[in-house]
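J.: Sequence:
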Amino acid sequence: MSAAKNELIITRVIDAPRELVWRAWTNPAYLTRWWGPRNFTSPSGTIDLRVGGKYLFCMRSPEGKDFWSTGIYKEIVPFERIVCTDSFADEKGNVVPASHYGMPGDDWPMDLLVTVTFEDAGKKTRMTLRHVGIPAGEMGKMAGQGWNESFDKLADSLK
Numbered sequence: 001m002s003a004a005k006n007e008l009i010i011t012r013v014i015d016a017p018r019e020l021v022w023r024a025w026t027n028p029a030y031l032t033r034w035w036g037p038r039n040f041t042s043p044s045g046t047i048d049l050r051v052g053g054k055y056l057f058c059m060r061s062p063e064g065k066d067f068w069s070t071g072i073y074k075e076i077v078p079f080e081r082i083v084c085t086d087s088f089a090d091e092k093g094n095v096v097p098a099s100h101y102g103m104p105g106d107d108w109p110m111d112l113l114v115t116v117t118f119e120d121a122g123k124k125t126r127m128t129l130r131h132v133g134i135p136a137g138e139m140g141k142m143a144g145q146g147w148n149e150s151f152d153k154l155a156d157s158l159k
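Residue numbering for the sequence shown follows the working numbering, beginning at 1 and increasing consecutively.
Hints were generated in silico from the structure; no laboratory data involved.
Note that the structure is predicted; figures quoted are calculated from it, not measured.
Heads up, the beta-carbon is just placed ideally off N, CA and C, and yes, glycines get one too.
Take these hints with a grain of salt, some might be off.
Derived DEER-like restraints, expressed as beta-carbon distance ranges [as the list claims (entries may be wrong)]:
{"no.": "1", "residue 1": "G146", "residue 2": "V13", "range": "17 to 25 Å"}
{"no.": "2", "residue 1": "R23", "residue 2": "M142", "range": "25 to 33 Å"}
{"no.": "3", "residue 1": "R23", "residue 2": "I72", "range": "18 to 26 Å"}
{"no.": "4", "residue 1": "V13", "residue 2": "D66", "range": "28 to 36 Å"}
{"no.": "5", "residue 1": "K124", "residue 2": "D66", "range": "27 to 35 Å"}
{"no.": "6", "residue 1": "I9", "residue 2": "D107", "range": "14 to 22 Å"}
{"no.": "7", "residue 1": "T41", "residue 2": "K159", "range": "12 to 20 Å"}
{"no.": "8", "residue 1": "D107", "residue 2": "P78", "range": "31 to 39 Å"}
Taking lysine to any residue and the SDA-like style, the derived pairs with C-alpha atoms no more than 25 Å apart in a straight line are [unchecked claim]:
{"no.": "9", "residue 1": "K65", "residue 2": "T41"}
{"no.": "10", "residue 1": "K74", "residue 2": "I47"}
{"no.": "11", "residue 1": "K65", "residue 2": "D111"}
{"no.": "12", "residue 1": "K153", "residue 2": "A143"}
{"no.": "13", "residue 1": "K92", "residue 2": "R60"}
{"no.": "14", "residue 1": "K92", "residue 2": "P109"}
{"no.": "15", "residue 1": "K65", "residue 2": "M142"}
Could you build all of it, start to finish, from the sequences and the hints given here?
T.: Below you can see the structure in the form of structure tokens.
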């Protein structure tokens, strides 16, 4: 994580064609297969894939607690790049502070910025996530771990 910008950067090579990895990010039927860390499920996901459109995703902990996130799409270049905001939300899509979920809310901005890029890597896809605004320290480490576990599930879901 880049401390200067509180930016988390993760690059993965996924053993699937770029169009399929893109679909995993843009189609709720795919996204709900992998969204959330290991042992979490994703019972709900809606996507309005257009600039200005919103998404609303739910991840459910093994204990049954739901965590909602929402954002607004800022840039969409099909099969190449998605840029969107990212915020904690309630089940109706209203932005809420991190403290809503028991996290130290003072460190978390209300809106973060996510950029995901997709590049051909032979018959595979190089996917890079940039998540800007994540607090440094323990919360940042947990966010990185959560994303990495989600990406493990993403790769497995496309086999």
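J.: Each hint: holds or not?
T.: Against the structure, the hints come out as follows:
About 20 Å separates the C-beta atoms of G146 and V13, a value consistent with the hinted range of 17 to 25 Å. The given range of 25 to 33 Å is respected by R23 and M142, whose C-beta atoms sit roughly 28 Å from each other. Hint check: R23 to I72, Cβ distance near 21 Å, so the stated range 18 to 26 Å holds. A hinted range of 28 to 36 Å for the beta carbons of V13 and D66 is consistent with their spacing of about 31 Å.
Roughly 33 Å separates the CB atoms of K124 and D66, a value that falls within the hinted 27 to 35 Å. Checked against the given bound of 14 to 22 Å, the beta carbons of I9 and D107, roughly 19 Å apart, stay inside it. Against the hinted window of 12 to 20 Å, the Cβ-Cβ separation of T41 and K159 comes to about 19 Å, which satisfies the hint. At about 35 Å, the beta-carbon gap between D107 and P78 stays in the expected band of 31 to 39 Å.
Taken as a hint, the K65 and T41 pair is honoured in the structure, with Cα atoms around 10 Å apart against an allowance of 25 Å. For the given pair, K74 sits about 13 Å from I47 by alpha-carbon distance, which is consistent with the 25 Å threshold. About 22 Å separates the Cα atoms of K65 and D111, which keeps this hinted pair within 25 Å; it holds. Distance check on the hinted pair: K153 and A143 sit about 15 Å apart at the alpha-carbon level, within 25 Å; holds.
Distance check on the hinted pair: K92 and R60 sit about 16 Å apart at the alpha-carbon level, within 25 Å; holds. Only pairs whose Cα atoms come within 25 Å are accepted, and K92 paired with P109 is accepted, the gap being roughly 20 Å. At roughly 17 Å between alpha-carbon atoms, K65 and M142 fall within 25 Å of each other, so this suggested pair holds.
When held up to the earlier numbered hints, the structure conflicts with none and fits them all.
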